[in-house]
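Put together the whole structure using the sequences plus the hints.
As you go down the protein sequences, you meet chains A and B in turn.
Mapped onto the numbering used here, the consecutive letters of the first sequence carry residue numbers 1 to 275.
Mapped onto the numbering used here, the consecutive letters of the second sequence carry residue numbers 1001 to 1393.
It should be emphasised that the hints constitute simulated quantities derived from the structure, not laboratory data.
Any given hint could be a false lead.
To give a feel for the contact side, a few chain A residues facing chain B, derived at Cβ under 8 angstroms [to be verified]:
1. Pro54
2. Asp170
3. Ser172
4. Tyr173
5. Glu175
6. Ala176
7. Tyr178
8. Asp179
9. Leu180
10. Ala182
11. Gln186
12. Val191
13. Pro194
14. Ile195
Just so you know, these numbers come straight off a predicted model, no measurement behind them.
Think of the CB as a built atom: it goes at the ideal place given N, C-alpha and C, for glycine as much as any other residue.
The residues making up each chain are set out below.
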Amino acid sequence: MSALPSYGSRPWTFYVLAALFTLFVIFLYGPMIAILILSFQGPSAALVFPLRDPSLMWFDELFNPRRVGDVMGAFSRSLPLALMVMVLTVLISVTAGFGFRRRFAGSGVIFYTAIASLIVPGLVLSIGILVTFRFLGLSAAWYSSALGAHLTWALPFGLLIMFAILGRLDPSYEEAAYDLGASKWQTVKAVVIPIVFPGMIAVALFGFTLSYDEFPRSWLTVGTKNTLPLEIWTMTTNVTSPALYALGTVTTVVSFIVIALALSSIIIIQRRRSR
Amino acid sequence: MSSAQANTATPAGQQKTGEIRLVDITKKFGHSYAVQNINLTIPHRSYCCLLGPSGCGKTTILRMIAGHEPPTSGQIYIGDKIVAGKSPVERGTAMMFQSYALFPHLSIADNVGFYLKMRGVGKAERRDRVEEMLKRVQLDQFRNRMPSQLSGGQQQRVALARSLITNPEVLLLDEPLSALDEFLRLRMRGELRSLQTELGITFVHVTHTQPEAIALADMVVVMDTGRIDQADTAEMIFNRPKTPYVARFMGGQNVLTGLVEGHAGGLVRLRASGGSIFEFPLDGPPPANGQPISIAVRRDHVRLARQASDLAGKGINEIAGAVTATEYQGSYVKVTLDIGNGLFVANVTDRDYSAEPVVHGDRAVASWKAADVHTLAEIDTGAAADFDFDASN
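Written as structure tokens, this is what we have:
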């Protein structure tokens, strides 16, 4: 590394911003860490500090549906739902991104129509979907109405990311592939997809986490069986044991695992490129 | 060549040649013409440079030959076959992109072997042919590197190798040297020329740099907006430009215009609007009196002297003006005169200059021999921008 240029002593604004950032970090991670610690609470079942006789009993309790509710069931719905939203968001965003590389009549209108659902309040949308389903004589379920509701939230993000990535993709890569005798499909498979792959992972990550954490768009659309965020919300109203904290810890860990998987695959790809 | 190379080239019995013929080619983008009614024949095994300022349509022509852009009307022949609707591989062309367009996710060897892989050539044969091609461009030690780890010059060699592995009859190069620094540019220029000679195929090279075109090409095609002004050898383009545009764009020429006053003793006499009188040898039928004619005089065929008195500089093939700039160029000094209705440039050898130096503000007289005057086929309208490039150095 070359030596950094010296700008003299730090201005007072540096300390203000540093303090602000410290507060932000404490505010963000403090509660999370507190919950993480308290989820190891002992049999005293106290919901507050101090931590007495650390144990794993509340994790055990969590997977015992008689006491806390159907956590495993909620998880078994939330995970496939998030995976479905992830796959659909990637598929639709990538194909739409290709379609939008060329301007066509009405492309602007279609784009803004798709993006507009970002500003529609989630609960309102959720009510609308429920009413429509009732009107059509369909019953709401996590794999149909909730899937649609989640896509209204995840797709615009996926589209925006994919448009930005494909917009930056130099068309001469595809021309070079064509010049070298590749068919359209070979070009997509051997050139375009590998180049935009990190972007596709980002879209997948967005799709997964937006669905996995979604509350307002799930509330009225999941039907009779809860997804995980709804289950947690229900528990806060009727479970008064550290099992709640144990649940928080488990769901956070799952989220972190997904993010870590996504980021490490991006890093591995980039390593391979600049080996 | 190995037998392996033969079976991925053209089917047996078909003789490919790299002659390119453009017949009445027009390309419109929306309502504007990129090129209009282009007719051009590029001979087999020649090094052709398409030269012009940006936006003149030279890259569009290249892309139409390559098959990346269909012409709006007209026909393109490569080796006597109409190539409309054919892919680049079927045309026998390969293109080297300005940005090189090396696939960032593939190693150097995989980039070079891309064409073979797309054709389903087996792994072992692919490796051998890639290795052979990498050795040819002296990059075999970099086979496992990624494109981003190579310097600009090395990346260009990879792009070259990747194009040449298709065994093209025509190599199309889009501003291949523009991304390189001056030193590499000169070196790669030489390498491109010797590669073309060695391979015996047609090279079509797009550039906006005059010295590059003159140094490389058997055939220089000078383009204005959407038109070809002149397609000729470098020597003809530089010494005998057809139009004021070519004379100005190539640099090294002064363009003057006057009305014919008469002819005598094999010399035609012109009178310029400023009163100067120019004479040049009659070539062909004598022009009518009063007809406007534009002439060109090479900058290095001009002699320069200090204006001794107000009367000096009124003779035949003489012009007087105030020195507005002197630029030392090593072997010569470029002296710019303001001659009232424009600029006139004389490239004076350093020896002549030091014998009679002139500086900014001095009055000087430029003179030349009638035999050094070249007549242009078109009248100078003065509309063309005054390109100030020195193709002579």
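Problem set entry | Hint numbers contradicted by this structure | 1
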